[in-house]
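Each chain, written out:
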Amino acid sequence: GAGVSQSPSNKVTEKGKDVELRCDPISGHTALYWYRQSLGQGLEFLIYFQGNSAPDKSGLPSDRFSAERTGGSVSTLTIQRTQQEDSAVYLCASSLQVINNEQFFGPGTRLTVL
Amino acid sequence: GDSVTQMEGPVTLSEEAFLTINCTYTATGYPSLFWYVQYPGEGLQLLLKATKADDKGSNKGFEATYRKETTSFHLEKGSVQVSDSAVYFCALTAQDTSGSRLTFGEGTQLTVNP
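Protein sequences appear in the order of chains A and B. Numbers -5 to 108, taken from this note's numbering, label the letters of the first sequence in order. Numbers 271 to 384, taken from this note's numbering, label the letters of the second sequence in order.
This is chain A alone, in the form it adopts within the complex (with noise of 0.2 Å):
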């Protein structure tokens, strides 16, 4: 079957501007998790999804970094006047449920700040 997928799969931007990444989870999967992998923090938890409803945001480095998840679904991370420090692999991840569940990766979103 389909396993995560995130797009685009490639993003780059100047300074300042908003952007918006994706992600489509296995179908099925009730818990959605982002993850942020950079070279000098290695791979950072941001926040994760129940349904639609995001528990623990705690991850998120700044009030520029929002997500939301529709339809218990699909989710989208916003960040709003990038910096060169947003640059990064975003991973997305998903899982049947939030306890004890394996979480299925997807490839990620290059994302490059200039």
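The set of hints was computed from the structure by calculation and includes no laboratory data. In this text, a Cβ means the ideal position worked out from N, Cα and C, and glycines have one as well.
Coverage of chain A stretches by chain B, computed from C-beta distances (three or more under 8 Å per stretch; other residues unrestricted):
(1) 27 to 36
(2) 42 to 54
(3) 87 to 93
(4) 100 to 106
Since the structure of chain A is provided, determine the placement of chain B on it from the hints.
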């Protein structure tokens, strides 16, 4: 807070050599422990996991044992192949109010030469 410390890389081995990548963790309660692998140009994949003390996770010839007394989850393989060249991440989830967010180690780059 929760943390994972991995053996620093990169690690370079010859084919058929024995592999150990050390991983230790700090967490409250009883975390689940994971090894993820990222092959060149691919997304993160779960390699193996263990959910309680003394459990051994195994897959593709790799093994790791959950050692609560030493808070460790070292990855081993008896005979590595060129195809094992990848980045390996140790990770944990803690069953608290943060759902099943993964906390990752820094990653260890493994290169296996023929």
